[in-house]
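**Q** Single-letter residue listing:
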Amino acid sequence: MLNKISTYLYLRPKLVLWLTLGPPLAYMIIVYLGSLFNLLINSFYYLEQFTGLIVREFTLSTYARTLEPANLEIFARTTLMAIAVTVMDAIIAFPLAYYIARFTPPKLKTWLIIAVTLPLWSSYLVRVYAWKLILAKEGILSWFINLLGLQGALDWLLGIPAIGGSSLALSPLGMFIVFAYIWLPYMIIPIQTALERVPHSLVEASSDLGAKPLQTFRTVILPLAFPGVVAGSIFTFSLTLGDFIIPLSLGNSKFFIGQAVYSYQGTAGDIPLAAAMTMGPVVIMIIYLLIARKMGAFDAL
Amino acid sequence: MPSNSSSSTPKAPLALTIAAYAGLLFLHVPILIIFLYTLTPDETTYTFPLPGITFKWFGIALQRADLWRSVTLSLQVAAIATFAALILGSLAAAAVYRSNFFGRESISFLLVLPIALPGIVTGIALRTAIGGFDIPFSFWTIVIGHATFCVVVVYNNVLARFRRMQGSQIEASMDLGANSFQTFWYVVFPNIATALLAGGMLAFALSFDEVIVTTFTAGQQTTLPIWIFSQLSRPRDRPVTNVAAMIVMLITFLPIFLSQRLTASSSDTEGNSK
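Same order as they appear, the protein sequences are chains U and P. The numbering of the first sequence is our numbering, which starts it at 1 and goes up by one. The numbering of the second sequence is our numbering, which starts it at 302 and goes up by one.
For the record, the hints were derived by calculation from the structure and aren't laboratory data. Any given hint could turn out to be false.
[What the hints assert, rightly or not] No farther apart than 30 angstroms at their CA atoms in a straight line, the calculated lysine-lysine pairs in the BS3-like style are these:
hint: 1; chain 1: P; residue 1: K357; chain 2: U; residue 2: K212
hint: 2; chain 1: P; residue 1: K312; chain 2: U; residue 2: K107
hint: 3; chain 1: U; residue 1: K109; chain 2: U; residue 2: K212
hint: 4; chain 1: P; residue 1: K312; chain 2: U; residue 2: K109
hint: 5; chain 1: U; residue 1: K4; chain 2: U; residue 2: K14
[As the list claims (entries may be wrong)] Here chain U is said to cover these stretches of chain P; the calculated rule only asks that three of the stretch's residues, wherever they fall, bring their Cβ under 8 angstroms from a Cβ of chain U:
hint: 6; stretch: 320-332
hint: 7; stretch: 436-442
Every residue gets a Cβ at the ideal spot worked out from N, C-alpha and C, and that includes glycine.
Construct the entire structure; sequences and hints are all you get.
**A** Right, here's the structure in full:
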């Protein structure tokens with residue numbers, strides 16, 4: 001019986017393809033793409049200001065509202081933060097990933113990889129909260145800064161209007177540190193994966209041909225590992241664009257995209273505006289993903 | 302497990318070693334600080350150094366029924382979302398690996414999208430859809446939301462393993478007269494088992510910790526992350542939050558450790574067989 005079914009299926013690869021691909025595809029299309037499409041449609045509706053009801057009529061007026069100066073400022077602020085966080089994470093992650101990939105014996109490597117992934121397993125919220133403890137005025141960082149006599153330098157940093165605030169816990173600077181910390185493992189792992197895949201023979205060939213270690217690094221290893229950096233940046237960038245927990249817990253009263261969306265759909269009940277606001281990150285991320293795929297970043301995921 | 306001794310490990314430059322361990326320190330100090338703060342007798346401020354040491358919060362946390370309810374709910378949601386992701390993700394990986402069909406690239410793109418797009422997009426899209434179709438918010442709406450982004454984790458793990466698997470094994474099995482099901486059970490499944498386990502554990506962890514999508518898809522239910530989020534805005538329960546967080550971290554260490562061992566040892570074997 002099983003043999004018969006097996007032969008039957010063997011002769012019909014198309015059927016097998018649909019049997020295996022059908023369920024996941026159906027789920028993703030109906031649940032995920034369906035919801036996204038529904039969201040897109042909602043972004044073309046509008047909220048009647050007097051009744052507070054959603055009017056299901058096609059309009060571009062909601063999109064016009066996303067382009068109001070206050071909202072444009074939110075987009076700009078969030079995107080800048082996402083770029084800064086991504087760059088910072090790449091800078092911190094690369095040496096660590098490089099060290100793990102090339103300079104550690106297998107046993108130590110296993111432990112280091114565990115050490116890198118461990119924070120991902122501990123609650124994201126709790127790590128955000130840990131930073132509240134660290135950055136608070138009477139907290140641990142202030143204590144160290146006082147100990148080292150760096151209070152003046154901190155005050156100077158907090159005095160800079162764009163990044164400063166009343167304390168580290170209530171400033172864009174503090175938020176930047178927390179964002180960089182929280183997403184860091186997402187950057188390390190793809191870079192490490194990409195570095196592991198750089199063939200040893202190429203590195204040896206490069207040094208056989210007379211390249212100095214730094215030259216080999218710059219011309220052989222770095223270009224081959226770059227898709228890993230791009231893959232990591234997908235996560236750090238996208239996660240920063242959409243997060244609302246960190247801006248809600250830290251930072252000042254200036255909105256980020258996620259926060260704005262959260263409050264428009266929640267307290268304001270303005271689903272069309274919230275939907276239209278999310279289309280910003282969606283468009284940014286789809287363009288980003290298409291470029292990343294061209295650069296081979298998906299192989300490093 | 303014989304290790305790969307043929308390639309000796311080169312020595313790292315000092316600056317690189319320092320940068321690497323500084324990075325590691327940055328990753329772990331905040332977590333240790335949570336552990337430290339579980340012991341503070343001070344419940345209203347963040348004072349450092351700690352004014353003293355107490356173990357009373359552990360006892361208090363253990364007696365909190367709301368805490369345990371949310372832990373249970375999170376475990377249930379994660380278990381079911383992982384189960385769904387294991388089935389859907391491995392089916393998709395099998396399909397993409399086996400055949401070269403039109404639109405294959407688009408499918409991997411579609412599967413990556415839920416984790417590549419900001420969580421808030423997935424969250425609000427699902428909420429708008431659920432609300433729009435008058436589906437009541439429930440345990441199942443949380444599961445559906447979680448499964449959507451868990452599928453890709455399993456898919457990635459299993460697909461990577463499929464790509465490293467030697468096709469000749471399958472051919473040999475068929476040549477020796479096994480049917481497809483026997484080949485799957487005796488050849489393919491043992492090969493991908495650890496990838497399934499590793500992917501499953503990762504999916505479980507993702508679901509267990511997810512807060513953004515859950516905020517939008519949950520009704521009255523409180524998962525552990527939502528519980529912690531609600532505690533963040535009510536500072537009086539902070540010591541209990543510390544303890545809860547610490548317990549979660551200690552409990553999750555075992556699966557992560559195992560999943561790493563699983564994937565690491567299987568890649569060793571493959572390195573040796575080549």
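**Q** If a hint holds in the structure, say so; if it does not, say that too.
**A** Right, here's what the structure says about each hint:
1. K357/P x K212/U: Violated, because 59 angstroms separates the two Cα atoms, which is more than 30 angstroms.
2. K312/P x K107/U: holds, 15 angstroms
3. K109/U x K212/U: holds, 26 angstroms
4. K312/P x K109/U: holds, 14 angstroms
5. K4/U x K14/U: Judged against 30 angstroms, a Cα distance of about 17 angstroms means the pair holds.
6. 320-332: As far as the stretch 320-332 of chain P goes, the hint holds, because 9 residues have Cβ atoms under 8 angstroms from chain U.
7. 436-442: violated (count 0)
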